[in-house]
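Protein chains: 2
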Amino acid sequence: SSSSSASSSSSSSSSSPSRTPLTDLAIITLKKTPFLDVQIPSLISSSTNLQLNWQNDIYKQFAGHTESRLNPLNVNIIYPATELEIKKNESANSEHCYIRETYDDYKNITLPWIESLPSSALTWVENILDKKAETERRVVEDLDPEVGFMLNYDLKWDRKSMLNLYCLAMCLRRGIRSMRDLTGKHLPLLKNIREKCLKAVGEQYNVSPSQLRLYLHYIPSYMHLHVHVTATSFDAPGIHAGRAHLLDDVIDELTADPDIYQKKTMSIVLPVNHPLVKAFRNAKKDPASS
Amino acid sequence: SSSSSASSSSSSSSSSPSRTPLTDLAIITLKKTPFLDVQIPSLISSSTNLQLNWQNDIYKQFAGHTESRLNPLNVNIIYPATELEIKKNESANSEHCYIRETYDDYKNITLPWIESLPSSALTWVENILDKKAETERRVVEDLDPEVGFMLNYDLKWDRKSMLNLYCLAMCLRRGIRSMRDLTGKHLPLLKNIREKCLKAVGEQYNVSPSQLRLYLHYIPSYMHLHVHVTATSFDAPGIHAGRAHLLDDVIDELTADPDIYQKKTMSIVLPVNHPLVKAFRNAKKDPASS
Numbered sequence: 001s002s003s004s005s006a007s008s009s010s011s012s013s014s015s016s017p018s019r020t021p022l023t024d025l026a027i028i029t030l031k032k033t034p035f036l037d038v039q040i041p042s043l044i045s046s047s048t049n050l051q052l053n054w055q056n057d058i059y060k061q062f063a064g065h066t067e068s069r070l071n072p073l074n075v076n077i078i079y080p081a082t083e084l085e086i087k088k089n090e091s092a093n094s095e096h097c098y099i100r101e102t103y104d105d106y107k108n109i110t111l112p113w114i115e116s117l118p119s120s121a122l123t124w125v126e127n128i129l130d131k132k133a134e135t136e137r138r139v140v141e142d143l144d145p146e147v148g149f150m151l152n153y154d155l156k157w158d159r160k161s162m163l164n165l166y167c168l169a170m171c172l173r174r175g176i177r178s179m180r181d182l183t184g185k186h187l188p189l190l191k192n193i194r195e196k197c198l199k200a201v202g203e204q205y206n207v208s209p210s211q212l213r214l215y216l217h218y219i220p221s222y223m224h225l226h227v228h229v230t231a232t233s234f235d236a237p238g239i240h241a242g243r244a245h246l247l248d249d250v251i252d253e254l255t256a257d258p259d260i261y262q263k264k265t266m267s268i269v270l271p272v273n274h275p276l277v278k279a280f281r282n283a284k285k286d287p288a289s290s
Numbered sequence: 291s292s293s294s295s296a297s298s299s300s301s302s303s304s305s306s307p308s309r310t311p312l313t314d315l316a317i318i319t320l321k322k323t324p325f326l327d328v329q330i331p332s333l334i335s336s337s338t339n340l341q342l343n344w345q346n347d348i349y350k351q352f353a354g355h356t357e358s359r360l361n362p363l364n365v366n367i368i369y370p371a372t373e374l375e376i377k378k379n380e381s382a383n384s385e386h387c388y389i390r391e392t393y394d395d396y397k398n399i400t401l402p403w404i405e406s407l408p409s410s411a412l413t414w415v416e417n418i419l420d421k422k423a424e425t426e427r428r429v430v431e432d433l434d435p436e437v438g439f440m441l442n443y444d445l446k447w448d449r450k451s452m453l454n455l456y457c458l459a460m461c462l463r464r465g466i467r468s469m470r471d472l473t474g475k476h477l478p479l480l481k482n483i484r485e486k487c488l489k490a491v492g493e494q495y496n497v498s499p500s501q502l503r504l505y506l507h508y509i510p511s512y513m514h515l516h517v518h519v520t521a522t523s524f525d526a527p528g529i530h531a532g533r534a535h536l537l538d539d540v541i542d543e544l545t546a547d548p549d550i551y552q553k554k555t556m557s558i559v560l561p562v563n564h565p566l567v568k569a570f571r572n573a574k575k576d577p578a579s580s
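For the record, the sequence lines run as chains A and B. The numbering used here numbers the first residue of the first sequence as 1 and each following residue consecutively. The numbering used here numbers the first residue of the second sequence as 291 and each following residue consecutively.
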């Protein structure tokens, strides 16, 4: 999800210091891609060289080398890279910290941090919602001002395999920063996103509801309510306990108690160099206690 | 954790038909390997061909092709393959199914399946609890009959790095099959496991509570209550939403409502060839509906 916001953002206000381009730096990300079914005959063939590493009884392990064309990489380049982009990408692979955020912690630690973020950080979201950008990646949209949303397929998804399907639904309504702002009043919005996304993704990509996992992040990587729609089979970044909250569970929790997110303690896992981790460590002796 | 139980169980009866070799079948597994630091200069060089897929402002995405030697595969071959091996490998990398299990579904579908499991499936657990096996992997134990447990380090952990720390706490009390059996009465047990595991793992491996993630699985891979203790930084198998339930959240939920797990709908992600998926598909038209 760090890569989601990074790849989706269309930079703008060059006046904000954190968004100043550093013209001599680039961020290069290389990712191996999943095997495709059509490659299997070529992979299981004499064109793959095998060197035996280990064997025991019926079990053998080899190092294999295949033709270059069978091993495409997904390469992302951000150039020139801003300070903000560099910070985001640094934190993607670091150690993580477990935090218990009471609602008081939210008000005293998390909310001040959210309010300190420059409004320009959401310019790229506004561009999408105003149809100034990324309209070509639309899967479905609902323009109702209360329960409307836009569903785009994410840049992390190559659309070649359904196994790593990744779409992102952004609500049209402004001002819902995160799960902490959700109340029972938002149930129509959340249910609308669930029903219409399941239907549209199901029809366009021929997948059933049981092949899809819909979830929110807490802490999200940007402060405008959005719902991740990924293949159930996909071990997506940010799918882990302490980050992903299944939309069905969120709807159930709000149905049982409309103010639950203005009361309950949230369990959060964040990279140690996320700015919020520093804020929690300054404010609480043990971030894992509540 | 399927591997946890598999590796802990001692196979036996060679007469069992499921271990008969099928001499004409092999299991071939190809896995892409992580990039190595030493490869970076070669990867970020003119020997990597790039084709532009997409660009927007400072963001560009390419398909890249590198030299074959930079893309080794990890190849495992099992030959001749037994029926048992084929079953295991089918479920490991298969597609997954999202299920919404109401409490009625639990009683009508899940519980009959649990009760159909042979009691011998828990022999290896009894061996641990009776100190007949695996005492050498003990981290800490509390022999109180009500709130006691045994914490072992897991075979998945090589104890070379704290980044993939993995321990498993099993309660001494028999008969708590899964989260569905938990009520407010079990809060002293769960809190005892939390406090003593955090303390023991913290002292023996020099990690703080914010470096550890404690969670239960639902559906668990065996039906005796256990708590996973892993490094917060570790992307452990089964850490995903729809499987892992953070112990802190479980304690909070039981504190708010002692009977919550005898009421709430559970969101479950399972491999499609897990026997429970077949049972749900037979019983419900859409396993993802509740």
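Treat the hints as calculated values from the structure; they're not laboratory data. Just to be clear, a hint being listed does not mean it is correct.
If you want the footprint, here are the derived chain B segments under chain A, 3+ residues with CB under 8 Å [said to hold, decoys possible]:
no. : stretch
1   : 349-357
2   : 364-373
3   : 413-422
4   : 465-474
5   : 500-508
For lysine-lysine, the following BS3-like pairs were computed, each having C-alpha atoms within a straight-line distance of at most 30 Å [said to hold, decoys possible]:
no. : chain 1 : residue 1 : chain 2 : residue 2
6   : B       : LYS553    : A       : LYS88
7   : B       : LYS554    : A       : LYS196
8   : A       : LYS131    : B       : LYS350
9   : B       : LYS397    : B       : LYS322
10  : A       : LYS60     : B       : LYS322
11  : A       : LYS199    : A       : LYS160
12  : A       : LYS185    : B       : LYS553
13  : A       : LYS284    : B       : LYS481
14  : B       : LYS450    : B       : LYS475
15  : A       : LYS88     : B       : LYS450
16  : A       : LYS278    : A       : LYS107
17  : A       : LYS88     : B       : LYS489
18  : A       : LYS199    : B       : LYS575
19  : B       : LYS321    : A       : LYS191
20  : A       : LYS284    : A       : LYS263
21  : A       : LYS107    : A       : LYS191
Quick reminder that beta carbons are idealized off the backbone N, C-alpha and C, glycines included.
Okay, the hints, checked on the actual structure:
For the stretch 349-357 of chain B, the stated coverage by chain A holds: 9 residues have a C-beta nearer than 8 Å to a C-beta of that chain, and at least 3 were required. Residues of the stretch 364-373 of chain B lying with their CB closer than 8 Å to a CB of chain A number 9, which satisfies the three-residue condition for coverage. Counting residues of the stretch 413-422 of chain B whose C-beta sits closer than 8 Å to any C-beta of chain A gives 0, which falls short of three, so the coverage hint is violated. Coverage of the stretch 465-474 of chain B by chain A is violated. Counting CB-CB distances below 8 Å, 0 residues qualify, and the rule asks for three or more.
Coverage of the stretch 500-508 of chain B by chain A holds [criterion: at least 3 residues with CB-CB distance below 8 Å; count 5]. For the hint linking LYS553(B) to LYS88(A), the alpha-carbon distance of about 41 Å lies beyond 30 Å, and the restraint is violated. Note on LYS554(B) and LYS196(A): the hinted pairing holds, with a Cα-Cα distance of about 24 Å set against a maximum of 30 Å. At most 30 Å may separate the alpha-carbon atoms for a hinted pair to count; LYS131(A) and LYS350(B) meet this at roughly 20 Å.
Pair hint LYS397(B) plus LYS322(B) does not hold up; C-alpha atoms about 42 Å apart against a cutoff of 30 Å. For a cut-off of 30 Å, the pair hint linking LYS60(A) to LYS322(B) stands: about 17 Å separates their Cα positions. As the CA atoms of LYS199(A) and LYS160(A) are separated by approximately 20 Å, the hinted pair is consistent with the 30 Å bound. For the hint pairing LYS185(A) with LYS553(B), the CA-to-CA distance comes to about 24 Å; that is within 30 Å, so the pair holds.
With a CA separation close to 21 Å, the supplied pair LYS284(A) and LYS481(B) stays within the 30 Å bound. Taking the CA atoms of LYS450(B) and LYS475(B), the gap is near 38 Å; set against the 30 Å cutoff, the hint is violated. Note on LYS88(A) and LYS450(B): the hinted pairing holds, with a Cα-Cα distance of about 29 Å set against a maximum of 30 Å. With a CA separation close to 16 Å, the supplied pair LYS278(A) and LYS107(A) stays within the 30 Å bound.
A distance of roughly 33 Å separates the Cα atoms of LYS88(A) and LYS489(B); the hinted pair therefore is violated under the 30 Å criterion. As the CA atoms of LYS199(A) and LYS575(B) are separated by approximately 16 Å, the hinted pair is consistent with the 30 Å bound. A distance of roughly 39 Å separates the Cα atoms of LYS321(B) and LYS191(A); the hinted pair therefore is violated under the 30 Å criterion. Taking the CA atoms of LYS284(A) and LYS263(A), the gap is near 19 Å; set against the 30 Å cutoff, the hint holds.
A C-alpha spacing of about 27 Å is found between LYS107(A) and LYS191(A), which places the hinted pair at or below 30 Å, so the restraint holds.
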